[in-house]
Each structure stands twice: as structure tokens, then as C-alpha cells.
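Trainee: The primary structure of each chain is shown beneath.
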Amino acid sequence: MKLSRQLQQQLAFGVITLIAALVVLPILLIVVYIAVQGAGAINWEFLTGFPHDGMKEGGIFPALVGTLWLTLGTALVAVPIGVGAAIYLSEYAGDTWLTRAIRVAIINLAGIPSVVYGLFGLGLFVLFLRFGTSILAGSLTLGIMTLPVIISTAEEALRAVPQSFRIVSISLGGSRWQTIWRVVLPQALPGIITGVILGLERAAGETAPILFTVAAFFLPRLPHSLFDQTMALPYHLFVISTQVPGMPVRIQFGTALVLMAFVLSMNLTASLIRRRYRRQRFW
Amino acid sequence: MKRIATLTSWHEVVIERAIQTAGLSAIALVVLIFLFLIRESVPAFQQVSLTTLFATRWYPIESYFGVLPLILGSLMVTLGAAVVALPLGLATAIFIGEIAPRWGRELLKPFVEVLAGIPSVVLGFFGMIVIAPLIRATLNIPTGLTALTGALLLAWMALPTIVSVAEDALDAVPQTYRDAGLALGLTRWQVIWKIVLPAARTGILTALMLGVGRAIGETMTVMMVTGNAARMPLSLQSFFMPVRTMTATIAAEMGEVAQGSAHYHVLFTVGLTLFLITFIVNLTAALVVFRQVKRAERVLS
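Top to bottom, those sequences are chains A and B.
Residue numbering for the first sequence follows our numbering, beginning at 8 and increasing consecutively.
Residue numbering for the second sequence follows our numbering, beginning at 195 and increasing consecutively.
Honestly, I wouldn't trust all of these hints.
Unchecked claim - Output of the computed footprint for chain B on chain A, the stretches with three or more beta carbons under 8 Å from beta carbons of chain B: (1) 14-27; (2) 35-47; (3) 58-69; (4) 74-86; (5) 212-221.
Said to hold, decoys possible - Not everything, but these chain A residues come out facing chain B in the computed CB check (under 7 Å): (6) 116; (7) 177; (8) 179.
Since the hints were derived computationally from the structure, they do not count as laboratory data.
C-beta: ideal position from N, C-alpha, C; glycine also.
With these hints in hand, go ahead and build the complete structure from the sequences.
Mentor: Right, dumping it as C-alpha cells:
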């Protein structure tokens with residue numbers, strides 16, 4: 008009897024370990040496969056050149072620059088509002104029906120499909136406010152989409168700061184805002200930065216929200232202003248893998264690799280900051 | 195209280211107002227998104243009759259706006275994904291939370307995070323180039339761009355959500371439960387199977403719901419690997435045929451419609467439907483989460 012229970016356990020643990028391995032291995036496989044296939048396409052000209060010959064030759068420079076602009080724009084929209092909302096939830100609001108409603112709203116914002124954000128951006132920013140398909144409209148759309156990630160991670164970081172820090176600051180005569188600005192925020196900063204990077208990482212890789220708000224199929228120049236369209240890496244990858252017949256696989260893999268590397272390096276940066284900050288924390 | 199008020203300078207008042215406004219922005223945005231979707235959807239019901247809308251044929255060029263194949267397509271791909279993702283995600287969560295030694299956990303968690311970080315368009319590209327030909331060859335069917343292909347990739351994409359929420363749920367089960375089970379002579383597996391899992395079932399259900407919520411809204415991957423044929427998926431056979439989801443329809447067609455046309459408004463109606471589905475799923479999940487507030491943070495990250 009005892010043996011069979013042990014056997015049962017070994018069997019179950021074996022199966023579970025196997026499944027966990029089966030979940031992890033394909034992730035490794037995808038990353039390595041794209042890296043290996045794409046590496047051949049990567050060179051200086053690919054990264055800094057414009058696409059030509061119907062995008063079948065040349066580089067991805069305008070798409071890369073576009074994604075950088077959009078990521079920056081997203082940060083400008085999402086960071087102040089997101090961190091502000093996190094400060095409100097963590098430092099000002101009590102547990103009232105209003106804060107509960109805010110939390111429900113955040114969870115729902117996080118769940119709205121990215122393509123619906125795209126529709127919203129098209130309806131509000133592109134058409135209603137007449138921004139046109141532009142970096143401005145795209146950044147606002149991506150920024151709103153990124154808010155829930157930033158709010159929730161920043162709030163977590165703020166709440167992790169021990170209450171005694173605040174009490175000491177207040178007892179020394181600091182005002183509420185001085186306490187937040189001089190004591191709480193500096194302590195929570197690494198956590199907040201981690202959250203911001205994770206949010207921007209998602210925004211940088213998204214395609215659906217920029218489809219109708221900013222992305223250009225092909226634009227053989229860099230954007231001039233906030234009201235200009237731009238190419239962007241994720242949309243460019245979509246275009247060259249589905250819309251352009253006879254596209255060389257080398258360029259497709261190269262573009263996929265650059266996008267993946269861009270996004271995963273942000274992910275890595277975020278984990279490094281988090282790890283370092285956990286080690287340095289003295290409380 | 196009066197004293198503090200006099201100490202607070204005017205610029206602090208401005209800052210605190212701004213912070214309060216930021217706090218309320220989440221509610222304002224949900225309402226704004228909802229209102230805009232409604233605003234752009236309503237004309238659809240004026241321009242297209244309900245019988246046309248709830249029909250089985252989607253062919254907008256000839257004004258056939260039947261959304262049923264799109265809704266069923268989304269449901270089929272999503273349910274397929276859920277069936278694959280739940281056991282995989284739960285097993286991985288059990289491995290990470292209950293079985294793995296510390297080093298195994300440290301090794302696995304970053305991998306799951308990496309999966310969450312891979313852009314959907316990259317996964318879609320990988321699906322087109324690698325998975326679809328594989329499925330076509332293995333099953334010997336005319337095309338690898340099928341509902342099954344979409345469901346498999348979606349399952350993969352839902353995994354990070356399911357694993358992280360399910361793991362939190364397992365983690366929330368008090369250690370004393372496990373100790374009591376072990377003290378009674380149960381094996382570690384019996385403790386997991388008979389005590390921990392039942393105790394965490396609400397959280398596991400939440401994990402599944404949030405995973406499904408994510409899957410139904412996925413756009414690029416699905417659009418790239420499911421073949422996008424708008425036909426009614428009526429039998430199990432349809433899993434091996436192309437299918438078209440609501441998200442893919444919006445993404446593929448919105449760029450080419452004239453603003454204000456019936457087609458434009460119907461696409462907004464499809465978007466509104468998606469919004470409402472995910473709203474209900476997430477609201478339900480949120481209400482469950484409120485009972486275990488600790489989990490709320492992880493749900494979003």
C-alpha cells in the first residue's frame with residue numbers, strides 16, 4: 008500500500024516535471040530558432056538602411072526609428088499618469104468604494120483587447136480629435152494601453168516601502184507631499200522603473216493598436232513631426248511576412264530577430280534592475 | 195488637521211489635485227472607451243438590419259454583415275486554447291510552486307516571463323513559418339493555417355497569465371494545511387492533489403478566466419496563422435480548416451473601409467462585442483480577486 012502511494016507520487020511528479028519541461032523548451036526553441044535564422048541578415052546596413060526594391064532589399068532603419076519614437080511617446084503619456092495614479096492609490100486613497108472602482112477599472116483596462124484599443128484610438132484621436140494617423144495618436148493609444156501595467160507595478164513598489172519611513176518623515180515636520188517626494192518615491196524608484204520598462208516593452212512589441220492610428224505600410228523617410236505617420240517594427244514584420252509576396256525569408260527573420268532582441272533586452276534590463284534592488288535593499 | 199492644511203503650500207495642493215486626477219483617470223478611460231465604441235457602433239444598427247447582422251455570411255463587399263461566423267470562430271479558437279492551456283499551465287504552476295527545488299523555480303520563472311515578452315507578431319511569424327507547415331504535413335491537410343494552429347499558439351500565449359495567477363493561488367494556501375496533511379501521513383502528491391488544489395480552486399478558475407480573456411482578445415498571432423476564412427465552424431472537423439476571429443476581422447479590414455460606411459460601423463460593433471466579453475470576464479475575475487487582495491497585483495503584471 009505504502010509502495011503504491013510512493014509510486015503514484017513518483018508518477019505524478021514525473022508527469023508534471025515533463026509537462027513543465029515541455030512548456031519551457033519550446034520557448035527556448037523559438038528564441039534560439041529566430042536568433043539563428045535571423046543572425047545572418049543582421050549587419051550595419053540592415054540596421055541603418057532604408058528598405059528598397061519593394062522592401063525586398065535594404066534595411067529596417069525607418070521602422071526601428073519609428074518604434075523608438077513610439078516607445079518614447081508611450082512613456083511620455085503613460086509614466087506621469089501611471090505613476091500619479093499609483094501614488095494616489097498607495098499614498099492618498101483609503102479603502103473606499105471609489106478606490107475599489109478604480110481597481111476594477113484598472114483590471115478591465117488591462118483586459119481590453121489590443122485591437123479594441125486600436126479602434127478607440129482611431130475613433131477618438133485620429134478622427135474625433137483630428138490628429139490623423141500620426142505618432143501623436145499612436146503614442147496616446149499605446150500609452151493608455153500601457154497604463155494598467157505601470158499603475159499596478161508602481162503601486163506595488165510604493166506599498167513595499169515600510170510605513171515607518173513615512174512616520175519618521177512626518178514626525179520630522181515633513182508634509183505629506185514632501186514625504187512622498189523625498190522619502191517614498193526614491194525608495195520605490197527601482198521598482199517603478201522596472202514596471203515602466205515592462206510596460207514599455209509590451210507597447211514596443213504591439214501591432215494591433217498602431218494598425219489604424221500611426222503605422223505606415225512603407226515610408227521611405229523618417230517622420231518629421233508628431234503629426235507624421237511612421238513605420239514601426241512590429242507592423243513592418245507583419246507587412247513583410249503576410250502582405251508582400253516573394254519576400255526573402257532572410258529579411259523576415261532578420262526583422263523578427265531585431266524586434267525580439269529589442270523587446271527582450273528591455274525585459275532583461277527590468278529583471279536586472281529588480282534583482283539588484285532586491286539585494287541592495289536594507290529594509 | 196487645520197495645522198497641516200496651513201503647512202501645505204499652494205504648489206502641493208496643485209500636485210495633490212493632479213495626483214487625484216491621475217487616480218481617477220482609469221475609471222474615466224474605461225468609460226470613455228465604452229462611450230466611443232457605442233458612439234461608432236450605433237449607426238451600424240441603423241444601416242444594417244438585425245437579420246443581416248445575426249446571419250451566417252460575412253462578405254462585406256456585397257453587404258453581407260453576418261457576425262455569427264466571426265463570433266463562433268473566436269469562441270472555437272479560444273476554447274481550443276483553454277483546453278490545451280489549462281492542464282499545461284496548472285502543471286507548470288504546480289511544478290514551480292510545489293515540486294521544483296529552489297534552483298528549478300529560479301530557472302523556470304524567467305522563461306515564462308520571456309514568453310510573455312515575445313511580441314505576438316513574432317509568435318505569429320514563427321507560427322506561419324514553422325508550426326503551420328508542421329501541422330499541414332503531420333495531419334496531411336491542404337493548409338496548415340487552421341483553427342487548431344491558432345488554438346495551439348494562443349494556448350502558449352495564455353500560459354504566462356495562467357501560470358502566474360495559478361501559482362499565486364497555490365501560494366495563498368496556508369502552509370499549515372500542507373503540514374496537517376503531511377502529519378496525517380499523506381504523501382506530498384496526496385497533499386497537493388487532495389488538499390492544496392481543492393483549496394486553491396477559486397484562484398485556479400480565475401487564472402483560467404484571465405487566460406481565456408487574454409486569448410479571446412489576441413489579434414496578430416491569430417490573424418497570421420488561422421487562414422481567415424469566414425465560414426461557420428459547425429463540426430469538430432472545422433478545427434482542421436481555416437477560421438476567422440472577431441479580432442482578426444477588425445485588424446484586417448478596418449484599415450481599408452471608408453469612415454462612416456456601414457462596414458466601418460459594423461466593425462466597431464464587433465469591437466464593442468469584444469469589449470463587453472472581456473469586460474464581463476475581467477469583472478468576474480476582479481470580484482473573485484478582491485476576496486484575496488494580495489493576488490490583485492500579479493493579475494495585472
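Trainee: Compare the structure with each hint and give your call.
Mentor: Cross-check of the supplied hints:
1. Residues of the segment 14-27 of chain A with a Cβ under 8 Å from some Cβ of chain B number 9, which satisfies the need for three, so the listed coverage holds.
2. Using a Cβ-Cβ cut-off of 8 Å, 5 residues of the segment 35-47 of chain A lie near chain B, which meets the minimum of three, so the contact claim holds.
3. Given as covered by chain B, the segment 58-69 of chain A fails the check, having 0 residues with a CB less than 8 Å from a CB of that chain where 3 are the minimum.
4. With a cut-off of 8 Å between beta carbons, the segment 74-86 of chain A has 0 residues touching chain B; three or more are needed, and the interface restraint is violated.
5. Residues of the segment 212-221 of chain A with a Cβ under 8 Å from some Cβ of chain B number 6, which satisfies the need for three, so the listed coverage holds.
6. At its closest, the beta carbon of residue 116 of chain A sits 6 Å from a beta carbon of chain B; the interface hint therefore holds under the 7 Å criterion.
7. About 9 Å separates the beta-carbon of residue 177 of chain A from the nearest beta-carbon of chain B, more than 7 Å, and the hint is not met.
8. Interface hint status for residue 179 of chain A: violated, as the beta-carbon distance to the closest one in chain B is roughly 13 Å, over 7 Å.
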